[in-house]
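Protein chains in written order, with our numbering: chain A, 1 to 183; chain B, 184 to 719; chain C, 720 to 1394; chain D, 1395 to 1495.
It should be emphasised that the hints constitute simulated quantities derived from the structure, not laboratory data. It is possible that some hints are incorrect.
In the DMTMM-like style, the derived pairs of lysine to aspartate or glutamate whose C-alpha atoms are separated by at most 20 Å in a straight line are [to be verified]:
1. B:Lys690 x C:Glu804
2. B:Lys578 x C:Asp899
3. B:Lys578 x B:Asp666
4. A:Lys33 x A:Glu127
5. B:Lys578 x C:Glu898
6. C:Lys1109 x C:Glu1178
7. C:Lys1331 x B:Glu359
8. B:Lys690 x C:Asp899
9. B:Lys690 x C:Glu815
10. B:Lys578 x B:Glu658
11. B:Lys352 x C:Asp811
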Amino acid sequence: MSFIDWLGSPVNWVFLVVGLAILFSSWRVVTAKNVVHAALYLVAALGGAAILFLMLSAEFVAWVVVLVYIGAVLVLFLFGIMITRAPTGKDVGLDTPHKTSPALLSVATFVLLSWASIQAFGTTQVESVGEPTSTEVLGIALLGRFVIPFEVVSFVLLAALIGGVTIARRDLTPAEEEERRAV
Amino acid sequence: MELFETWALTLIVFLPLAGVLLLGLVPKANESALKAISLLITLAAFALSVALIFRFDFSGLPYNTYQFEVNETWIGAINANFHLGVDGISLPLLVLSTFIMVLSVIYSWNHWEEPRNPKAFLILMLILATGLNGTFVALDLVLFFIFFEVVLLPMYFMIGIWGDRTLRKIPGFGREVQTRLYAAIKFFLFTLFGSAFMLLGFLALYFESGRSGERTFDIPLLTDLGASGAFTGTFAFLVFAGMFLGFAVKVPMWPLHTWLPDAHTAAPTVGSVLLAAIMLKLGSYGFIRISLPILPEEAASWAPAIAILAVIGIIYGSLACLAQTDMKRLIAFSSVGHMGFVMLGIATLTDVGINASIIGMVAHGLITGLLFFLAGSISHRYHTREMSRLGGNMKLMPVMGGILAFTAMASLGLPGLAGFWGEFMSLIGSYNPLEGLSLGVFRTAMVLGAIGTVLTAAYMLYLLQQVNLGEPGEEWQGRQFHDVDRFEATAWVPLIVLIVVIGFFPKVIFNSTTDSVVSLVETVFNAETTASLGGG
Amino acid sequence: MISTVATEAEHAVEAGVTGGFWVDNAGIMLILPFVAFLLILAFGKRMKNHGAELAIGALAINSIWATVLFVMNMTSGVLGQTTFEIARIGSDLVFELGWVVDGLSIMMYFLVSVVGLIVFIYAVGYMHGDVRVDWFFAAFSLFAGSMLLLVGAPNLIQLIIGWEGVGLASYFLIGFYWEDMANVNAGNKAFMVNKVADVGLILGAIILGVAIGTFDFAEMDLAAAEHVESLSTVAVVGGALLFFGAMGKSAQFPLHIWLPDAMAGPTPVSALMHAATMVTAGVYLMGRVFPLFEYLAAEIRPWMVWIGAITLFAIGFLALVADDIKKVLAYSTVSQLGYMMTAVAAGGYTAGLFHLFTHAFFKALLFLGAGSVIHAVHSNNMSDMGGLRKHMPRTYWTFVVGTLALAGIIPLSGFWSKDEILVTLGFEGYTAVMVIAIAGAFVTAFYMTRAVALTFFGEYKGHGNPHESPAIMTVPLVALAIPSILFGLFNVPGWEIPGIGNFSEWLAVRVVPMGDHHPEAIDFVLAGSGLLAAVLGIVVGWAIWGRDRETQAERDRFDIPVLYPLLRNKYYIDDLADGITAGTMGPVARFINWVNDYVIDGIINGVALLTKGLGSFVYGVVDQRGVDGVIHGLGAGADGVGSALRRWQTGRIQQYAASVVAGALVLIVLFVFVI
Amino acid sequence: MLLNQFLILAAAMFSLGIYGLLVRRNIVLILLSVELMLAAVNINLIAFESVLRSPEAIGQVFAIFVITVAAAEVGIGLAIVLMIFRNRKSANVDELDLMRW
């Protein structure tokens, strides 16, 4: 199948646009000199991913990504950035000076993974946008076969919640403690 | 009651672990709840093990048939199964283990070593209980190994945290070290050293068992293979050597015993008790359950060496006792001697000898356990274990002194008390060891062992003289000491009663062991058991 | 010189009674004192007489029981055995407990119960107002129970249990006043010497038990009586070992050293345990396994006879120099035990045990008399006594009765039993030993006369005003004096009490014939020489010591060169034993401990330190200076290479992460391309 | 649509994430890179699911799990960042050399 054939399908046009957007955003996430910008580019990359999910008839997951990642996690990140007083303007000191070997490693990873996928799957077709997987199916799966992992994950979340609070809470200095007791 | 048959052992082993979780939920400050839970858990395990006795089939099943078996796939990849079961040999030891655990909890009720932390201590005790109970019922080498090693950790912490805080000069070390730290690390490394080789032995057996079928860690299956002569030659020699190292360290056999006096001396009272009463038995039990049946030929060729080491242990341990100034250290060395008798019994490879070793283990568990309880209580009151400072205890605490005298007498193997049978029957066994074993070695061992009983008497009398008799020292004059309190009494009276009962009626143990042992010797060593008696 | 006036005993199994209430339940006797022991421990402190009631009550029942059995055995012979299994290993090794009722054990039941009862009653008076009276009676009951367990034992195992039980009670009671370390040491010495001997007992039991296939005495005796040839070697070794065990308990030379020291206990203890019953356990054991020596292990009998002979003669001499009246009696006991042992070893089953029987009464009498004296003058030393016959007439008369019995004056009991020993020695061909035994009779009479003279004659040398002991102490004296006089008549050669036979017949009620010989008529030559020696001893003794106070003291100080220093130092055997134990055990023990701490532990610690050292070497030298040094050097030399390499050693997370990624990639490549 | 187009895109995203992980100094940015990698994984999962079409939509379920765990990870990660920042006044990893000794 040639590239032209491939372009003959309109969904692939969509894919091309979204994919390039994702790639660009991702690239900016890891190279942006501004921390806030990096975070915002991540939003874009994830948004692109969500579109891909929609294309792959995973509607529910797509909206989860939008809600959880873009809605909640990113806000968390921005908070983190602000609290840690990370330089919000351009900052040359954000990266380590040695970029050669990470770059080599990441290229190698990419080559290896791509090569492996091509070898493994060749021209396997994905069904074009079809009937989206219903939330009902997912719900039954989550509370049926996967109920134990589901519960475990919810415990992980709970633990993360409590742990986050515990870790991040500042111990009062003796003076402050005194003060609090006085009140 | 099907449910009981299949779940009893699992419950006995894992109830304490469940107790650990339960204890974890109780706040540290709520001591009475912590103690009550531990007591209930250990009592439940004990009650279950007693129930086992009543439902146990004593009709003389052949060796390698186990009761209350559980056999579930566990780690399928290496064919390791969750295989539990008891037979006549392990039943008394299992009951001993659960029983001593109950008494330890009772004793702990108002005896906490500094730094006081009942919660942590009880949790460690319950973990220990799981390891100990598990080792006695595990029928899979991997499972056995895990239980065998689980025991190490709680004991390490018990010694390391609640141990003796005095400084000690160790030859070769630049500066003085805290006794507890030295002892804990030595204990841990020593035992781990041994068990590493043991694990290698287990793995070798696993791979070798693949020659004639599926690879397996299953002890009953390996026993069948061993009896059919599957393991021979250099392979068997090396495997036996590995397992020997693992078990001999735990027993401990001379010259691998030096962790024991340090660990015992430094450990908190309950730690010493559990160490002496149950943990030492893991090694000798391992010999009976694993080494002997799986590698019978090697056992026969190693037997003289084991007997010689055992006898050296008897004489050496007793002599070393005579030079001690520290009460607990003396009792610790006495264990070396007593376990020497146990190993001598095993080395004879006869029904008499192996029975002797089992009753010896039980008796040693009861007696030395009680001795360590006493030593703990005495040093708790006087704040010293130096025998030169003690003396006249009979005057200050007559009841405790009386119990100490009783226990010392039991320990020196007074006929009519539990300790006698193990020693006496070991000697009978070594008079007529398994056919083919060197009579010269074993009869010499018998004579030396008998001489060892004299030395045993000597140091026990020395202990009594130093601690109990004479006038109390100047520093104690006019001091009021609280004699045995009710928790101590509750923990000790059952031991005393059992020591007397077993002494006059050893059938309570032999009823369980003898059929299994006789069958073991007959099937594994193809021996005429009658050869042990009635020959010439 | 000796006519063969003896016939072999053939009436072995002649028992008319083999069951019935008294026989089948005889085990109650074995249990009662233990019950008393436990009850006294529990309630003794709260009782009026500190538990003496219980102890005496138990022994009173026992005495009645034993007397009934004794009389039944006199008239018709009693034989019975009841056992129950306490352990079974395989099909052959069976341990049992139970009780034997036969001539020998009935005699011992009678002895232990009756003498025990009398001594217990005496002890109520003697111990009045002393410390720990409840514990005294508890331990005494423990002793009585263990002793009955021992003599009632149907097999070696129960015998060993009782054997060690009496040893334990002995240890407790010798060290009864444990505030004083000297007493504690005496107890330890007794226990240890016995323990050494017990090695023989235990090994002997094992060898015999395993070889014969049973620990049961009856079966053992039967096997021996059948002269099973294959057992002869075993019997010699096992028999010798058993004898070694008996030597300890029955204080035979050179294991006698504990007995004189054992006098540290209260006097009733010395009377009952260290004179009348416990120390005779060895002789009893020899009697119990008598067929073994008679039929199988005859080779070792001469050795045993000579050990007995040395004991009876050499140790008797020691009594000559002792000032402590209890020590005199203790040496006398050892000497008499020598008689018994010699007799049994020579083949005189009846002779040895008859002497055991009579000796129990008169020696207990002597000890109780000595106790009465000690009670009055508050000192053990005869140099603090003298002239007491006026102050303590009842004690005096009974003591004299005991002395005459012990010396072997006709017709008191000691004469008859000693005479039978002499006859047996002569008959069995041990003429030299017989002569020694006659000489021993002289020595016995000699030192006993000294004791009587120094205690009761002359003038009072002590403090205060001695007076006769209360009735609770003197009545037992009389109660013992009567059998001391009369019981010899049980076994007069050629004569028997009408209708009930004589002692040798009673004793021969066993499952197999004992094969010993009895005189059929009095051998007047032998009896005369024995009597003459005794009388001579009394006369000479009286000539030396039977004077006034000054002479007594002076004569008592006299000194025969070589002999007296030797005697005063107890032939140096104690010193030798102390030297050996103290000189070897202590240093050896310390050496072993040193080996443990420095050699074995040294190796262990050395390995540990070595490992630790290796660790620091690897880290400090190889890693920090070596590897890092190389890297630093390279880094300094070639900046690019250096910084590239230094990455791996920065400790920064990201470099590690990079390594992880690189490693993962390598692994993937490996999996994809290679495998 | 080819399966590979998604896979290769995901591979690219993943590689970029690794790059970011290795070159960024600021911990917050490192966490962002990790998120990127997780997103790449999710794309893979979804893509495979749309090929396999399992009745229980296993791939999607797993993607949801991954998202959940990622959320937890971010929470904890940021908490740690906060703490480290408070103690060391810096959020740069190369100044965190506690592991070097």
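Hints and how they fare:
1. B:Lys690 x C:Glu804: 8 Å, holds
2. B:Lys578 x C:Asp899: Given that 20 Å is the threshold and the Cα spacing comes to 12 Å, the pair holds.
3. B:Lys578 x B:Asp666: 11 Å, holds
4. A:Lys33 x A:Glu127: 40 Å, violated
5. B:Lys578 x C:Glu898: Cα-Cα ~9 Å, so holds.
6. C:Lys1109 x C:Glu1178: Distance of about 10 Å is within 20 Å: holds.
7. C:Lys1331 x B:Glu359: Cα-Cα ~17 Å, so holds.
8. B:Lys690 x C:Asp899: At roughly 42 Å apart (the allowed maximum being 20 Å), aspartate 899 of chain C and lysine 690 of chain B break the hint.
9. B:Lys690 x C:Glu815: Within the cut-off at roughly 10 Å; holds.
10. B:Lys578 x B:Glu658: 14 Å, holds
11. B:Lys352 x C:Asp811: Distance ~54 Å between lysine 352 of chain B and aspartate 811 of chain C Cα, so the pair is violated.
Going down the numbered hints, you'll see the structure goes against 4, 8 and 11, while the others check out.
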